[in-house]
Amino acid sequence: MNQNRVYEYRRNFIMSLGGVAAVGVIGSGFVLQTASAAGEIAAKPADQPVTNAKRWGMLIDVTKLTDGGAAMVAACKQEHGWGDEMHSADAQKAHWSRVVKVTDKLTQNSFSLPVMCQHCEKPPCVDVCPTGASMKRADGIVQVNKHICIGCRYCMMACPYKARSFVHEPLQDQKPHSPRGMGTVESCNMCVHRIDEGRLPACVEAAPDAVIFGDLNDPNSAVSQAMKTVGGKQIRADLGLNTGVRYHGI
Amino acid sequence: MASQAIIFRETRESKGFYFLLVILGAFLALGALAFFHAEHHGHYVTGMTNQVVWGLPHVFAIGLIVAASGALNVGSIGTVFGKKIYQPMGRLSALLAISLLIGGLIVLVLDLGHPDRLIIAMTTYNFKSIFAWNIILYNGFLALSAVYIWTMMDRKAKPFYKLAGVAAFTWRLILTTGTGSIFGFLVARDFYNSAIMAPLFIVMSFAMGLAVFILVLHFAYSWTGRPLGDAVMNRLRYLLAVFIGGVLLLEGARHFTGLYIAQKAGVENFILFEGGIYTQLFWVGQIMLGSLLPLSLIFCRKLGSNRIALLFAAFFTVLGGFAQLYVILVGGQAYPLMLFPGADVSSDYFDGVVNAYVPSVWELMLGLGGVALALVMVTVGVKVLRFLPDSLSDAVVEPHN
Ligand code: SF4
Ligand code: SF4
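Protein sequences appear in the order of chains G and Z.
For the first sequence, the working numbering gives the first residue as 1, with consecutive numbering after it.
For the second sequence, the working numbering gives the first residue as 1, with consecutive numbering after it.
FYI, nobody ran anything at the bench for these hints, they're computed from the structure.
This structure is a prediction, so every number in the text was calculated from the model and none was measured.
Each hint should be verified, as a subset may be incorrect.
Okay, derived cross-link-like pairs now, DSS-like style, lysine-lysine, Cα gap no bigger than 25 Å in a straight line [to be verified]:
no., chain 1, residue 1, chain 2, residue 2
1, G, Lys233, Z, Lys264
2, Z, Lys264, G, Lys146
3, G, Lys105, Z, Lys264
4, G, Lys233, G, Lys105
5, Z, Lys158, G, Lys122
Produce the complete structure using the sequences and hints provided.
So, in structure tokens, the structure goes:
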């Protein structure tokens with residue numbers, strides 16, 4: 001842990017002891033983020049490096065997603081323009097995010113949730129990438145450097161969540177803020193271009209009542225507070241990857 | 001090392017030589033065509049998808065790489081373990097090793113999404129990645145094998161012969177450990193995540209490499225009209241049996257433990273019993289044709305010193321090796337990722353279902369191109385340099401036995 005964070009923790013701890021901490025009261029469910037949550041993400045000036053003072057993450061309340069997350073997936077698709085490849089077969093098309101339906105074999109309990117890159121703290125995709133193209137930013141965002149990705153797909157073999165896609169054909173009309181390229185691997189990048197501008201990821205905006213986004217390192221952030229109260233489960237927690245995307249109600 | 005009786009000589013120019021080159025050249029051309037086709041259109045022309053991300057090209061590439069390290073064994077047994085009868089074959093063994101490795105690597109590289117960025121892969125390393133280690137291991141293997149050949153061919157380098165042999169042998173063990181670990185470290189996939197992958201790949205390489213060596217040795221001698229006696233071939237024959245047995249043993253251990261571990265039971269069940277093509281490839285391809293058939297061809301009394309039986313045994317061992325790699329690689333990916341243990345999952349993106357994969361003809365062409373490249377290198381190698389002893393007849397070999 002870096003020094004700053006230790007101080008931050010101490011400060012926060014002392015603050016909460018004194019009862020000064022401005023923490024929203026969180027009841028049985030979430031106090032749902034509004035524009036104020038967005039205000040927690042300060043824009044990062046372009047000339048400043050990314051630091052590990054923050055770790056971005058989100059908590060998705062599956063019980064509040066009436067569509068199972070379809071709107072979130074659609075927003076991601078719209079934002080980054082993936083999945084419309086003309087020649088690729090269905091199994092070859094890129095998917096940065098998808099709705100997965102889960103039914104317990106024994107209890108038949110069933111729910112749906114959006115699955116995208118979980119922005120693992122210890123990402124297997126980054127470990128195996130031979131060139132370092134798969135990388136984790138200091139603020140916890142895992143993404144691919146398209147300029148040095150050689151397209152070996154080893155990261156796709158290593159990702160437990162099938163969160164990565166390989167681009168199988170030449171692409172046209174790409175979004176300027178989300179460059180993609182044939183022969184490279186891509187995946188959810190938490191809308192890094194938006195976060196650096198102090199905006200929320202597209203999928204979070206699309207499901208404002210069900211997702212809280214923010215800094216997991218800050219114990220006072222809305223997302224940390226919500227997780228402290230209601231918990232935040234990981235998919236395949238047994239793998240010990242400490243994911244940045246957490247779920248409630250799974 | 002060998003006494004004067006063993007004379008190394010280049011193969012002679014002949015119609016057969018050029019005929020062979022033309023045939024192999026045709027396969028090379030097809031491989032190149034496949035590469036340009038996929039490079040131009042993108043990988044959608046292949047059968048590989050975002051569910052089965054490594055396909056037939058990887059089976060060929062890893063098969064060749066695994067066989068490469070095994071091919072070096074024949075030389076190693078002569079050098080490292082001082083078995084005289086193997087020493088005259090050391091040069092061919094190292095040449096074959098280099099050729100197979102380059103053949104395999106070319107397939108791997110040409111199947112990359114960005115083969116043009118090879119220079120990045122060679123210069124930008126993430127040292128945590130087993131793939132990155134492998135790039136270093138492959139280059140080291142090529143260099144050490146070349147030095148090893150040099151110590152066998154140049155009298156002045158003779159003092160380093162043993163040292164080079166030991167170094168190359170040690171390196172190849174590490175190399176195959178690296179190849180096996182490409183899979184062994186993948187926690188995400190139940191079929192791979194296991195320490196046994198490294199030793200399994202080592203024995204596989206012993207078996208496949210030796211089988212390829214036997215085939216190449218036989219045809220090199222019969223097509224150039226050189227004598228090749230039973231003394232040599234029978235040594236190789238029983239060695240092959242030992243290696244096939246080793247693969248069976250480790251595969252058995254792997255699947256038995258897999259069946260007992262709850263987490264792996266699903267994928268084991270899939271591969272061994274319910275996996276359709278993968279189950280067939282396992283039982284029929286790998287076990288029956290690839291292991292039991294060669295073993296019976298080797299041990300059947302009536303077939304004693306029968307050369308044809310040995311050639312078939314070697315051929316089926318190679319075939320079994322490829323079947324095994326196909327089951328490991330593609331079968332392991334066909335089985336769906338486990339997102340929620342104990343639950344059924346589904347999505348519009350193939351969650352919870354067995355992933356389909358049908359290799360395209362382009363992938364086959366690319367893979368065969370790699371095989372052809374390896375064989376061209378051997379054919380030309382024995383033509384221009386003194387790799388092959390003039391004779392490996394019993395009379396020549398026996399005194400050194
Ligand atoms: S979810 Fe997959 S792609 Fe995302 S960080 Fe984890 S291993 Fe990498
Ligand atoms: S495909 Fe690209 S990002 Fe993935 S491991 Fe290979 S080089 Fe790294």
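So, going through the hints one by one against the coordinates:
no.: 1; hint: G:Lys233 / Z:Lys264; result: holds, 23 Å
no.: 2; hint: Z:Lys264 / G:Lys146; result: violated, 35 Å
no.: 3; hint: G:Lys105 / Z:Lys264; result: holds, 18 Å
no.: 4; hint: G:Lys233 / G:Lys105; result: holds, 19 Å
no.: 5; hint: Z:Lys158 / G:Lys122; result: violated, 50 Å
Consistency with the previously given hints fails for numbers 2, 5, ordered from lowest to highest.
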